[in-house]
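Visitor: So the sequences go chain by chain: Y and U. In this text, residue positions in the first sequence follow our numbering: the first is 11, and each later residue adds one. In this text, residue positions in the second sequence follow our numbering: the first is 12, and each later residue adds one.
Source of the hints: derived by calculation from the structure; they are not laboratory data. Note that the coordinates shown come from a computational prediction; the quantities given were computed from them, not determined experimentally. Glycine included, C-beta positions come from ideal geometry on N, C-alpha and C. Treat the hints with caution; some may be incorrect.
[Stated by the list, open to error] Label pairs and their in silico Cβ distance ranges:
#1 Leu-54/U with Val-177/Y: 51 to 59 Å
#2 Ser-218/Y with Leu-122/U: 35 to 43 Å
#3 Met-192/Y with Leu-287/U: 49 to 57 Å
#4 Asp-232/Y with Ala-191/U: 37 to 45 Å
#5 Asp-73/Y with Pro-214/U: 45 to 53 Å
#6 Ile-50/U with Asp-133/Y: 51 to 59 Å
#7 Asn-203/U with Met-192/Y: 23 to 31 Å
#8 Ala-191/U with Met-192/Y: 26 to 34 Å
#9 Leu-122/U with Gln-124/Y: 49 to 57 Å
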Amino acid sequence: MSISIRHVTKRFGAIAAVDDVTLEIPSGCLIALLGPSGSGKTTLLRIIAGLENADQGTILLQDEDVTRRSAREREVGFVFQHYALFRHMNVFENIAFGMRVRRVAKKYVRDRVQELLTLVRLDGLGTRFPSELSGGQRQRVALARALAVRPRMLLLDEPFGALDAKVRQELRVWLRKLHSEMHVTTVFVTHDQEEAFEVADQVVVMRSGRVEQVGTPQEVFDQPATPFVMDFLGNVNVFHGRVESGRAHVGPFNIAYEEYPHAEPRAATAYVRPHELEIDRAPSALSTLPGRVVQVNPSGAVVKVRVASDEFGIELSVDLIRERAQQLALKVGETVYVRPRSVRVFMPEIDYAI
Amino acid sequence: MHSRQNRALRAAGGLVADEPLWLRCLLIGASFAIVGGLILVPLIYVFVQALGPGLHTYLDNLWRDPDTRHSIWMTLTVAPIAVLLNTVLGIAAAWTVTRFRFPGRTLIVTLLDVPFAVSPIVVGLMFVLLFGMQGYFGPALREWGIKIIFAWPGLVLVTTFVTLPFVARELIPLMEALGADEELAAVSLGANPWQLFWRVTLPNIKWGLAYGIIQCNARAIGEFGAVYVVSGRIDGETYTMPLRVDKLFQEYNMPASYAVASLLTLMALATLGIKLLLERYIAAQIELDDQKQLESQS
Numbered sequence: 011m012s013i014s015i016r017h018v019t020k021r022f023g024a025i026a027a028v029d030d031v032t033l034e035i036p037s038g039c040l041i042a043l044l045g046p047s048g049s050g051k052t053t054l055l056r057i058i059a060g061l062e063n064a065d066q067g068t069i070l071l072q073d074e075d076v077t078r079r080s081a082r083e084r085e086v087g088f089v090f091q092h093y094a095l096f097r098h099m100n101v102f103e104n105i106a107f108g109m110r111v112r113r114v115a116k117k118y119v120r121d122r123v124q125e126l127l128t129l130v131r132l133d134g135l136g137t138r139f140p141s142e143l144s145g146g147q148r149q150r151v152a153l154a155r156a157l158a159v160r161p162r163m164l165l166l167d168e169p170f171g172a173l174d175a176k177v178r179q180e181l182r183v184w185l186r187k188l189h190s191e192m193h194v195t196t197v198f199v200t201h202d203q204e205e206a207f208e209v210a211d212q213v214v215v216m217r218s219g220r221v222e223q224v225g226t227p228q229e230v231f232d233q234p235a236t237p238f239v240m241d242f243l244g245n246v247n248v249f250h251g252r253v254e255s256g257r258a259h260v261g262p263f264n265i266a267y268e269e270y271p272h273a274e275p276r277a278a279t280a281y282v283r284p285h286e287l288e289i290d291r292a293p294s295a296l297s298t299l300p301g302r303v304v305q306v307n308p309s310g311a312v313v314k315v316r317v318a319s320d321e322f323g324i325e326l327s328v329d330l331i332r333e334r335a336q337q338l339a340l341k342v343g344e345t346v347y348v349r350p351r352s353v354r355v356f357m358p359e360i361d362y363a364i
Numbered sequence: 012m013h014s015r016q017n018r019a020l021r022a023a024g025g026l027v028a029d030e031p032l033w034l035r036c037l038l039i040g041a042s043f044a045i046v047g048g049l050i051l052v053p054l055i056y057v058f059v060q061a062l063g064p065g066l067h068t069y070l071d072n073l074w075r076d077p078d079t080r081h082s083i084w085m086t087l088t089v090a091p092i093a094v095l096l097n098t099v100l101g102i103a104a105a106w107t108v109t110r111f112r113f114p115g116r117t118l119i120v121t122l123l124d125v126p127f128a129v130s131p132i133v134v135g136l137m138f139v140l141l142f143g144m145q146g147y148f149g150p151a152l153r154e155w156g157i158k159i160i161f162a163w164p165g166l167v168l169v170t171t172f173v174t175l176p177f178v179a180r181e182l183i184p185l186m187e188a189l190g191a192d193e194e195l196a197a198v199s200l201g202a203n204p205w206q207l208f209w210r211v212t213l214p215n216i217k218w219g220l221a222y223g224i225i226q227c228n229a230r231a232i233g234e235f236g237a238v239y240v241v242s243g244r245i246d247g248e249t250y251t252m253p254l255r256v257d258k259l260f261q262e263y264n265m266p267a268s269y270a271v272a273s274l275l276t277l278m279a280l281a282t283l284g285i286k287l288l289l290e291r292y293i294a295a296q297i298e299l300d301d302q303k304q305l306e307s308q309s
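Only chain Y is shown next, with the shape it has when bound in the complex (with noise of 0.2 Å):
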């Protein structure tokens, strides 16, 4: 089931939460809205499931327009950030909901509330209230509610939103199991890069109402398309200056840049990763900026370092694998020179305030 979301805008009074998105989910896509919060992730969902109707633009599944219809109609599974189970029913009959309703046969709802407690690994807690469940146990009820109606697509809204680390790390993981069985078309709001890029095959950045960029987790990651993408997405360092005559001047680098060949100088902001940096011992005609080390810090898989430029009046931060880090053998205090492996510079066409 394709979703295809035309110029669709929603207004609460002056302020538009969606702001005329077009956008096209391939059918069997799991994909991410990814944003920070306001950003419209969250009403755009509904709007998609028919919870909150659109102001203008046209919702269409499967090439059929369903922009009028309600959201009983668009046979779309929904979980709710908070799960919303219905409180005085107990799991059994909260995943049955759908079916009741519908007034399915007695003994076809049994044998299916029975495939799903094992699909969401519930098996013999059909007795129990959602009051007497953990927090990754309601969630899995609320998705075994939302796909006993074999919806024509799930949509979760920060549905990881409300648990603890390691609980998450198990769902996120057993979500993207559960969607490669079942190839059902799944869009799920967060707020969280890292879950965004775990979890799903397309992520859709959004920003104040507007997509500001949809690509895999690698294109949006490598290939930011604005400073906000880049920004929003981990750290950055963030250098300020100009462009002219194909070269870009920014803070302490002096680069190619061929996209502005003009003579007349243009005010540029340039953006590198602290993975991008480099720290050398030694000068070379690459690392130009020397620095002294304020911070060393292990973290994980890499070493972050906070380097100060006193020419400057800037803070680096640069993250180096473990073996580098241990082969440099950095101390706090000791001069370095830091050397940008690839920057990222745009110019401001459009405000992009950060």
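Since the structure of chain Y is already known, use the hints to place chain U on it.
Guide: Here is chain U on its own, set in the frame of chain Y:
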């Protein structure tokens, strides 16, 4: 909700215990004196007066007089109709106010309290002014053969008006706290509005609703002022029990007056008893829920 208050009070008990003994005795004594003197003694007195001439006369006073019998009948029909109307209206109002955002929403919530704020006599006069013979709609309604003022529809109307806030007031904060997520989940799972209400909304609000209905019922049975004005006090036609008590009292028929009053009191006590049971039940449910919650977290 009520059990939480109780728990808070119990917790506060620790603080009170630090007060000197004489102060505690004084306060506790004063509480008993007030409850006893102002509530218990008059309550008992009603029954003493009613039963004074003997049980036989008491029953005679209640059942032999056709006007008294009719007044009991009136109360037993008017109050349930008003309660039923208010249950439907209250749920509709609470639903509208908590599930939709629209201009004038706060105004509606505020206006819901008007029946509590306005004196019942004024309510009666308002309705006479609207539906009476000299009123705005009276003549038109008479052409249609509908009589509201000085007839039972008037009694139902004012009783409904006066008790309107009970159910809605109970449900609005409850439904606000529950949120709309469960209902939205039901809709996305394919429930139609009818199924949504009976299977999801009602089970969640049933105890609050029952509590509101009980309060509404107690007030509907005892309503005097507004009913007094619109009834026109026609013997054997528009008398309810409170009006009958007043009428017998004015006629110096004390034993009969107290007999009806005692029956009215019994109804009130029964309502109070149900309310108490319900509160205990809800408190037990909440405690059970909290326990389950704790168990599942550990």
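Visitor: Each hint: holds or not?
Guide: Results for each hint:
no. : hint                                 : verdict
1   : Leu-54/U with Val-177/Y: 51 to 59 Å  : 58 Å, holds
2   : Ser-218/Y with Leu-122/U: 35 to 43 Å : 38 Å, holds
3   : Met-192/Y with Leu-287/U: 49 to 57 Å : 53 Å, holds
4   : Asp-232/Y with Ala-191/U: 37 to 45 Å : 41 Å, holds
5   : Asp-73/Y with Pro-214/U: 45 to 53 Å  : 40 Å, violated
6   : Ile-50/U with Asp-133/Y: 51 to 59 Å  : 57 Å, holds
7   : Asn-203/U with Met-192/Y: 23 to 31 Å : 27 Å, holds
8   : Ala-191/U with Met-192/Y: 26 to 34 Å : 29 Å, holds
9   : Leu-122/U with Gln-124/Y: 49 to 57 Å : 52 Å, holds
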